[in-house]
Amino acid sequence: MRPPPGARPPRRWCRLNTLGVRLFALLWLALVLAHYTGYALHSWRESWVGPVQARLGPPPWSRTPASGPQGGLHVPRMMDLSPADGLPPPHGPRGPMPGTAPGKAPGKAPGPAMVAGPVAAVAAADVDDDDPEQWGPSAYIDYGVRLLVFGAAAWLGAWWVVRPLKRLNEAAQDLDQALVQGKPLPEIDEATGPHELRETAQVFNDMARRLGEQFEERAMMMAAVSHDLRTPLTRLRLRLERVEDAALRQAQQADIAQIDQMVSHVLEVLRQERTHEPPVRVDLSALVQATVDDLQEAGGDIGLAEPDGPLPVPAAVLAEPQALRRVLDNLMGNALRHGLRAQVSVQVLAAEVWVLIDDEGPGIPQAHLKRVFQPFHRVDAARQQATGGVGLGLYIARQLVMRQHGAIELHNRPEGGLRALVRLPLAQTVNPS
Amino acid sequence: MSLNCLLVEDDPEIRHLLAGYLAGFGMAVRLAPDARTLRTELKAGAVDVILLDLMLPDGNGLDLCREIRQHGATPIIMLTAQGDPASRIVGLEMGADDYLPKPFEPRELVARIHAVLRRTGAREPARSLAEPPARVHFKGWDFDRLTRQLSSREGLMVQLSGAEFRLLDALVNHAEEVLSRERLVALMQTPGVEVNGRSVDLTVSRLRNKLNQGADAIDLIRTVRGEGYVLACAVRPA
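So the sequences go chain by chain: A and B. The working numbering numbers the first residue of the first sequence as 75 and each following residue consecutively. The working numbering numbers the first residue of the second sequence as 106 and each following residue consecutively.
You may find that some hints are simply not true.
[To be verified] Simulated restraints on C-beta separations: (1) Ala-298(A) - Arg-286(B): 48 to 58 Å; (2) Gln-448(A) - Pro-342(B): 21 to 31 Å; (3) Asn-486(A) - Ala-128(B): 50 to 60 Å; (4) Val-298(B) - Asn-486(A): 33 to 43 Å; (5) Glu-244(A) - Lys-148(B): 56 to 66 Å.
[To be verified] Listing some non-contacts, in silico: residues in chain A with all C-beta distances to chain B over 10 Å: (6) Leu-90; (7) Arg-272; (8) Thr-274; (9) Leu-312; (10) Ile-330; (11) Thr-349; (12) Ser-419; (13) Ala-424; (14) Glu-426; (15) Leu-466.
Calculated from the structure, these hints are not laboratory results. Just so we're clear, the structure is a prediction, and the values are computed from it rather than from any experiment. Backbone N, C-alpha and C fix where the C-beta goes; we use that ideal spot for every residue, glycine too.
Given the sequences, and given the hints that come with them, work out the whole structure.
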């Protein structure tokens, strides 16, 4: 799922900032460092207790030239760590060594690889400076193997620790889908895995169950109430036919229509949460044209600006067609209700299609421009009552547009009136082959 | 001769109010509170149109609709409290001829009854049993009459307005047959909308624009001078 436009784009390395990579880096560094420090300490001890050691014979790994004069803590170079004593000293020609960067992390661990690279390079330089004869490829193979083994151990360790968390993550992602589409809820196995996870799994399963029940109950309750309201409304409407007073009849008719509209809106909120059409490539200009034509046929004062020329590409978007239609119906309906007259245009930009719906109404006070998208928000109670809205239309429209990876904006036009702008990403063109 | 209506509705008050209202328009209304009574009423005598509620105590209106369709071609208008686009499509798929969400304008119901009877009455007896296929295919286009969607071979969905849909529906039903403007006005008639020769011409040009996409675009809708319009390609069921 793409982030909504306007959200801060994730940084490039964020993809690597996973628990697994962190653990892997930590373990690998820790292993290398432990090894390194061990030898450092050993060498330090040797430089002080050298004579004792001399009597016992030199430690097999010590290859450092005597560091007596400098005193203090001797920090070994990488090659000091070599157990390569046992290896026969290389005699072959020392060509350019292919293994200069051992332990190149398998796959996705740039951190340790970057550590390993320079160290190996330093080691290579040292070889040339200090001990030309003693350090050959086998030493580097040795370093390489060691770094690789550390790496593999760290990778396994990280995988082993993070694997249970992945289960949790997958279940959480499934939960969202399950709630939205009414599928069976995901459940995490409460019997296996580490203790912490088993506890978390239990909590998660309980939570998911409760959430699912509430979601279900809410939908059923609202659907039942809304549905049951329509039967008495139908009765009322039929009874009205016996009312002689025309003015009274019309007023009541309007009331019934308003209640019915509220019911429809509430039902639609529930429906749009639950029903997802498969997205298809939709010709947006045809859709806008059809919506405008239908509103014109119903007597609305609405016009579509003809494009300056033929559009360079068909304004195709990948979207749910019914959802888009609802959005356009809603915005154009609003423009006609509050703005008397509406002018619609379609613009194709580099990667986006814009649908602009301009009206000639009073607009919306600046302070309300963002809040009108909240459910049940009212700009002005009196106006809302007169036009029969419930404050769900724009909320639904925005939910639907966001689901198509688009954005919806409202602006007060400088020349007066409101402009609704729907921005949708242009679909990739497909070769008709 | 008065119209015979069979009203299937479980709410007693709606049943009687609606029966009274329709009687005012010269219709003879028989009542059925549930599916069982509907079946016996259907056996009892011929009915011109069935008004069917979707939720009945002893059965689902959709299943009933399909059952009635299997036995005959009596027009069905569905009345339902679930007025969403999806259930409308399901209703039409099950063989309903029209679909009206509750609460409806009583006058609109009367208009729809007459419209449905005109449509089905105009059908030749041979064709009344075999409904035209819901999805047809013509010259690189798929046309779905239930969802009212037109999609190109490349999978681009082209939305039709109500008028364009009615025009294309008429043209597809009479493919390769010249339809005069007057004939199209009659075929495109629908309650609540005024259709005339000028609006037919406008709709034809709009629909041409939508069909004229792609590289090998040719005019599928041809003007026959002095006679009318014709859809100049073969239509086959998809």
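Right, here's what the structure says about each hint:
{"no.": "1", "hint": "Ala-298(A) - Arg-286(B): 48 to 58 Å", "result": "holds (50 Å)"}
{"no.": "2", "hint": "Gln-448(A) - Pro-342(B): 21 to 31 Å", "result": "violated (48 Å)"}
{"no.": "3", "hint": "Asn-486(A) - Ala-128(B): 50 to 60 Å", "result": "holds (54 Å)"}
{"no.": "4", "hint": "Val-298(B) - Asn-486(A): 33 to 43 Å", "result": "holds (35 Å)"}
{"no.": "5", "hint": "Glu-244(A) - Lys-148(B): 56 to 66 Å", "result": "holds (58 Å)"}
{"no.": "6", "hint": "Leu-90", "result": "holds (37 Å)"}
{"no.": "7", "hint": "Arg-272", "result": "holds (42 Å)"}
{"no.": "8", "hint": "Thr-274", "result": "holds (38 Å)"}
{"no.": "9", "hint": "Leu-312", "result": "violated (4 Å)"}
{"no.": "10", "hint": "Ile-330", "result": "violated (6 Å)"}
{"no.": "11", "hint": "Thr-349", "result": "violated (7 Å)"}
{"no.": "12", "hint": "Ser-419", "result": "holds (16 Å)"}
{"no.": "13", "hint": "Ala-424", "result": "holds (20 Å)"}
{"no.": "14", "hint": "Glu-426", "result": "holds (18 Å)"}
{"no.": "15", "hint": "Leu-466", "result": "holds (15 Å)"}
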